[in-house]
Amino acid sequence: MSRRGLAWVAVLALVAALATGLVATTSPGRPAAARAASAGQVVTVQRAHAGSATPALKGRIVLLTIGSDSGAPRFGRGGSMESGRADALQLVIIDRARRRGAVVSFPRDSYVPIPGHGTSKINAAMAFGGPRLLVATFERLTGLTIDYYALTSFDGLTDIVNKVGGVQVNVDMNLRDHFAGAFLDRGRQTLRGGQALAYARARKTLPGGDFDRSRHQGQLLLGGLGTFQRQVAEDPTRVMAWLAVMRDEVRTDLPFPELLRLALLATTVPPSHIRNIPVPGAAGSAGGASVVRLQPGAYSLFARLRAGRLS
Amino acid sequence: MAARRNPRLPLIWSAVLLAAVLLAAGCTSGGRSEGGGQAATPTSAPAAPAEPLKVQLVATAKVPPGGLSAGRAARRAAPGLERFLDRYLSAAYVNAAGGEAGWDGLLGLFDAPVRAAARKQLNALSLGEAAPTVTAVRPGRATAKAVVLYGAKRPEAATVRVAFDGTADTAQGSGPVHLRSVLQLLAAGDSWRIAAFDSRTGSAR
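Chains as they are written, first to last, in the numbering used here: chain A, 17 to 327; chain B, 415 to 619.
Okay, chain A solo, but in the shape it has when bound (with noise of 0.2 Å):
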């Protein structure tokens, strides 16, 4: 082959390097994807997705909180708050997996069989034998099965409510009670931690008496849980809040993973899942002191609540 020859093939093989290259990067019997591969594309990995859950838990769990009349320095009250006598008195009863439930308020001068103590009235109990005899007063008086306790006293309520910044309640009716140093007018609006401890001490001027009280003590319950949930909702950190809060100002024998499993439960609970029920009573008395004394009516609805019904 002449030089002329040699060169004109080498700048054809040249134009055939080229083309073969651009053929083979372009070529469709190239796999789509290794050809995008190579080209170092970015590409939509993964679409977008949202999740949440918080624990599935089963059964019924039914919870007795106490407010006790003792332990409170701040409010002249001393003694342990064990030893003390409760004065609020709310079983709180959650279907877990229905999530939903109620808070059953009970008059403190129910006047009720105690075991080992005859009859007296309920709040009683704890002053005989600390919480556990009151539980199970309860379970006696009940026929429930009290899974836990929860016991604070005066300085503890009002500094949960202070310290979460103020519990909404919408309060029922016009208050004017000295006794109690309750002085509220009636609609929605953020108590803190004297006047909620004044709502749910109030009972002197009210018409219903320890009726009306009890039922305010479960409107603090519940509108504890709605403030609970919209400060959760807002920012999920206020949780690890709450749990220090009651872990500072509650005395419980709930464990503390059960306890973090029914906060985040509870985040998801609408209040208007869980209803305030009053246990009916009348007003009576017993060896010269005023009492409550528990109507038919509350049988049955201890019946209805054995039988799982919560509404």
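The hints are simulated quantities; they were obtained by calculation from the structure and are not laboratory data. One or more hints might be untrue.
[Claimed, not checked] Here are the simulated lysine-lysine pairs, DSS-like style, with alpha carbons at most 27 Å apart:
no.: 1; chain 1: B; residue 1: K559; chain 2: A; residue 2: K179
no.: 2; chain 1: B; residue 1: K559; chain 2: A; residue 2: K74
no.: 3; chain 1: B; residue 1: K559; chain 2: B; residue 2: K468
Model the placement of chain B on the given structure of chain A, informed by the hints.
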């Protein structure tokens, strides 16, 4: 026999060499010519070498009266939380690539009452169903902010906001992966369990 030097040979060899170089170049960068008009964004940057996953955690603590200071409690809790989040992100992304590893390792990090819900929502918690198509995940930014509830001697619970950004390689190319989660954690021995979650993944931030 004495070799005859052909004066055109250097020219010919140069042409052949050039052709070879161009061929090679055509094989490795031809994609550049495909970028225009396609949905995928062309990029000339080579894949960054994989950095090891490292969660940057900022923790605060709520302590009981008379216990540790909040600062000390947060410092004590932080290493364990970082380890846990490293495990989570490794199981959810780095080790999930290819899909062979399955999800048992990830689901084992959840508290029993929330595990079934986590299994149903893996797409919101991890690479999820994209995992089999992913050949590798290169971790990028991984940050977390934690509020720790400290007990008398040890952490009991924590709320953690996690943000993870990475790059996932697939046969089709590479793409960003993101996780934004709020995890409610329960202390379990020396480690943690996820007791509740609110989580988002995917390309949307």
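Going through the hints against the structure:
1. For the hint pairing B:K559 with A:K179, the CA-to-CA distance comes to about 22 Å; that is within 27 Å, so the pair holds.
2. Using a Cα cut-off of 27 Å, the hinted pair B:K559 and A:K74 is violated, with the two alpha carbons roughly 32 Å apart.
3. Note on B:K559 and B:K468: the hinted pairing holds, with a Cα-Cα distance of about 14 Å set against a maximum of 27 Å.
Figure legend: structure checked against the earlier numbered hints; the only hint not met is number 2.
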